[in-house]
Amino acid sequence: MYKRAAEQNCLALLQLCNSLFKLTQVHAKILKLESELHCYDTFLFNSVIKAYAETTHSKTTAICYYKEMLSHGVEPNNYTYPFVFKACAGIGDLNLGKMVHGSVLKLGFCGDTHVLNTMIHMYCSCENGIAFGEKLFDEMSKMNSGVR
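The opening residue of the sequence shown carries number 1 in full-length UniProt numbering; numbering runs sequentially from there.
Keep in mind that the hints were calculated from the coordinates and are not lab data.
These numbers were taken from a predicted model, which means no experiment stands behind them.
The reader is advised that the hints may include incorrect statements.
What the hints assert, rightly or not - Lysine to aspartate or glutamate pairs mimicking EDC-like chemistry, simulated, CA-CA at most 16 angstroms apart:
no.	residue 1	residue 2
1	Lys67	Asp41
2	Lys67	Asp93
3	Lys50	Glu68
4	Lys86	Glu127
5	Lys98	Asp41
6	Lys86	Glu54
7	Lys22	Glu54
8	Lys98	Glu127
9	Lys106	Glu75
10	Lys142	Asp112
Claimed, not checked - The following label-pair restraints were derived from C-beta to C-beta distances:
no.	residue 1	residue 2	range
11	Ala28	Lys135	21 to 29 angstroms
12	Leu20	Asp138	32 to 40 angstroms
13	Asn18	Gly108	12 to 20 angstroms
14	Lys22	Gly92	39 to 47 angstroms
15	Leu105	Ser19	33 to 41 angstroms
16	Asn128	Asn78	34 to 42 angstroms
17	Cys64	Lys142	16 to 24 angstroms
Note that CB positions come from ideal geometry on N, CA and C, so glycine has one too.
All chains should be built: construct the whole structure from the sequences, respecting the hints.
So, in structure tokens, the structure goes:
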């Protein structure tokens with residue numbers, strides 16, 4: 001019950017973030033809650049990753065939290081990957097994007113349209129990634145039309 005209240009509190013705080021300063025304050029609050037609860041869950045990590053991925057100068061921090069999520073054995077879900085791909089696109093890290101793409105394939109989220117769209121955007125945003133983005137787009141178009 002306390003864990004759910006903490007999650008709702010964090011979500012409410014994140015929704016109020018409209019500046020990097022406020023995000024930093026919320027981040028400190030989340031770290032405090034995390035250390036008190038010793039709980040790691042997908043929702044909490046997704047919230048933090050999303051907040052950093054959407055902040056102009058914090059894309060690398062979003063990636064760090066994704067890696068921390070994995071190191072704690074917390075399994076990403078279909079909401080995680082669009083935020084991570086957005087961060088990869090923001091820093092232009094094609095190799096990292098390819099590794100995350102592999103994780104998407106491994107966990108079976110390759111049929112999720114939102115995940116695929118953000119993956120295509122990531123490839124097209126990275127230097128030397130446009131060909132990968134085009135190929136993925138063509139494959140996605142074939143899947144949607146039923147043509148194999």
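For each hint, the structure was consulted:
For a cut-off of 16 angstroms, the pair hint linking Lys67 to Asp41 stands: about 14 angstroms separates their Cα positions. For a cut-off of 16 angstroms, the pair hint linking Lys67 to Asp93 stands: about 15 angstroms separates their Cα positions. A threshold of 16 angstroms between alpha carbons decides the hint, and for Lys50 with Glu68 the separation of about 14 angstroms falls inside it, so the pair holds. Of the pairs offered as hints, the one joining Lys86 and Glu127 holds, with about 15 angstroms between alpha carbons and a cut-off of 16 angstroms not exceeded.
Restraint check for Lys98 and Asp41: not satisfied, since their Cα atoms lie roughly 24 angstroms apart, outside the 16 angstroms limit. At roughly 8 angstroms between alpha-carbon atoms, Lys86 and Glu54 fall within 16 angstroms of each other, so this suggested pair holds. A C-alpha spacing of about 13 angstroms is found between Lys22 and Glu54, which places the hinted pair at or below 16 angstroms, so the restraint holds. With a C-alpha separation of about 13 angstroms, the suggested pairing of Lys98 with Glu127 holds against the 16 angstroms cut-off.
Between the alpha carbons of Lys106 and Glu75 the distance comes to roughly 12 angstroms, so the proposed pair stays at or under 16 angstroms and holds. With a C-alpha separation of about 14 angstroms, the suggested pair Lys142 and Asp112 falls inside the 16 angstroms cut-off, and the hint holds. Range check, Ala28 to Lys135: about 42 angstroms between beta-carbon atoms, so the 21 to 29 angstroms window is missed. Our hint of 32 to 40 angstroms for Leu20 and Asp138 holds, since their Cβ atoms are close to 38 angstroms apart.
Taking the beta carbon of each, Asn18 and Gly108 are about 35 angstroms apart, not inside 12 to 20 angstroms as hinted. The supplied range of 39 to 47 angstroms is broken by Lys22 and Gly92, whose beta-carbon atoms lie about 27 angstroms from each other. Distance hint check: the CB atoms of Leu105 and Ser19 are about 37 angstroms apart, consistent with the given range 33 to 41 angstroms. At about 27 angstroms, the beta-carbon gap between Asn128 and Asn78 misses the expected band of 34 to 42 angstroms.
Here the CB-CB span from Cys64 to Lys142 is close to 36 angstroms, at odds with the stated 16 to 24 angstroms.
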